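Trainee: One letter stands for each residue in the lines below.
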Amino acid sequence: MSPAPLASAFRSSLSEAWAGGAGLLLPLGFFAGTATMVPFTLGSEAELLSRVGPGILWLALALSSMVTLERVFQADLQDGALDLWLQDTGSISLIAAIKTITHWLVSGFPLVLLSPLIGYMLGVPFEKMLPAMLGYAMGGLVFFLWGGVAAALSASVSRAGLLIALIALPLYVPALIFGVQMIETGLEGPNFLFLAACSLFALGVAPAAMGAALRLAAE
Amino acid sequence: MTMLSYLANPLRFMRFSRWAVPISFALGTLMIGWSLYNGLLVVPPDEKQGGDLMRAMFTHVPSAWLCMGLYAALAVASFVWYIWRHELADVAARAIAPIGAGYTALCFITGSIWGQKGWGAGWHNLILGDSRLMSVLVLFFLFLGYMALRAALETRQKAARAAAILAMVGMVNVPIIKVSVDMWQTTTIHQPSSVISIGNPAPAEERTGMDPIYLQQLLWGFGGHSLLAAAMIMMLMRAEVYSQQSERALALKLEAA
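Protein chains in written order, with the working numbering: chain A, 1 to 219; chain B, 1 to 257.
The following block holds chain A by itself, in its conformation from the complex (with noise of 0.2 Å):
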């Protein structure tokens, strides 16, 4: 097959996201806007803040990859790409992966980078922020992938944004697990590898199942 409907699948996905305005600021600023709540909840004992900080960061980051996963399927088949696309003789599970990693680029990767300031807000130590970082990019390609195959398979369904959460949400404990325990490790011990196999996994699974799906959706 040709590269071109692969790269027309990244260039669309990421123009979409710039275009309408907010699209690329909904995502941060419910991240940042959620992770703001948390002193009005647990209260703003600089201890127990920092404790829970990073689990905070790794709740918020699972609750906002799932605001805009309703639309990354839903565009593409109101305008019709997604029939052309099937016409194409390639494979629609690599535009499917394409399209979801495009996702995690334009909504997913900021948040990992304005991690750090919140956690500063939440008085994170320093030295745990790093190693959590990469953990967040990795448990949020997590995220999206499995929240992709929900989005897909509701694709056809209007207003699916809470079904998609139902969904998604069992598959994403554990990498939400290991992500939680790897800011304690760090690097070391089992939980980085543990996070690392989940994404790899997810990597391979997620896209045929989201192939199959739209198939479905674009009947």
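If you're looking for bench data, these hints aren't it; they were derived computationally from the structure. Everything numeric in this text was worked out from a predicted model, so none of it was measured. Worth double-checking, as some hints may not be accurate.
To spell it out: a stretch of chain A is covered by chain B in this simulated footprint if at least three of its residues, at any positions, have a beta carbon under 8 Å from a beta carbon of chain B; those stretches are [claimed, not checked]:
#, stretch
1, 160-166
2, 170-183
3, 191-202
Think of the CB as a built atom: it goes at the ideal place given N, C-alpha and C, for glycine as much as any other residue.
Chain A is fixed; fit chain B onto it per the hints.
Mentor: Below, chain B alone, put in the same frame as chain A:
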């Protein structure tokens, strides 16, 4: 397996289940009743296991086994439907989901009742603080997501395909979820599996094998709940087959009129 392929014919399934449903329903109820009667009233309480509260075991352990078995059955039925497009497999998958969700709920409710005294914690702590009940809770959400997706898609064919993909994706994730939840709470307060300890090399005083009077009630309960679950699933499947047939009958009638 030959039994399954024999029943794969909807007509044969309907003929078989007409009798199988009431029989397994009655047998299952009797066996559950027997195990509950003995478990609740006859056998002596085991002080090490939380006194009278351990009587919840006769429901808890069978439902824990069943809810995992039912999720596997859901995935297998989905796989069979997805590959061979066998209509009855989809009808089965659709029927398994609510029953499985019910057994996961039963499992963590009875588990938290049992642990209430034995582990000396408030019951809310028991679900959220114990890795094995927590992985059952995640399983509950997998069942819920499956049912919600089925309900959301408009045509039956689409719903069946999407739900089958989700069930298979869920199945490959279940072992990972299980391992990760076990690693999350390494100091679990839940006791290790102690039902089967044949050939256990541990010395006699450390062996955790179960007293035969308890094991007997447990197995009665497991047999009873399996039969009851099978009866309920077949009942739902029959209802689904009938509702599909009724649409066809209505169409034929309209055509004739």
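Trainee: Please go over all the hints and tell whether each is borne out by the structure.
Mentor: Now for the hints, and whether the structure bears them out:
1. 160-166: holds (count 3)
2. 170-183: The restraint on the stretch 170-183 of chain A holds, since 7 of its residues have a Cβ under 8 Å from chain B and three suffice.
3. 191-202: That given contact holds, which follows from 4 residues of the stretch 191-202 of chain A lying within Cβ reach (below 8 Å) of chain B.
Checked against the numbered hints given earlier, the structure satisfies every one of them.
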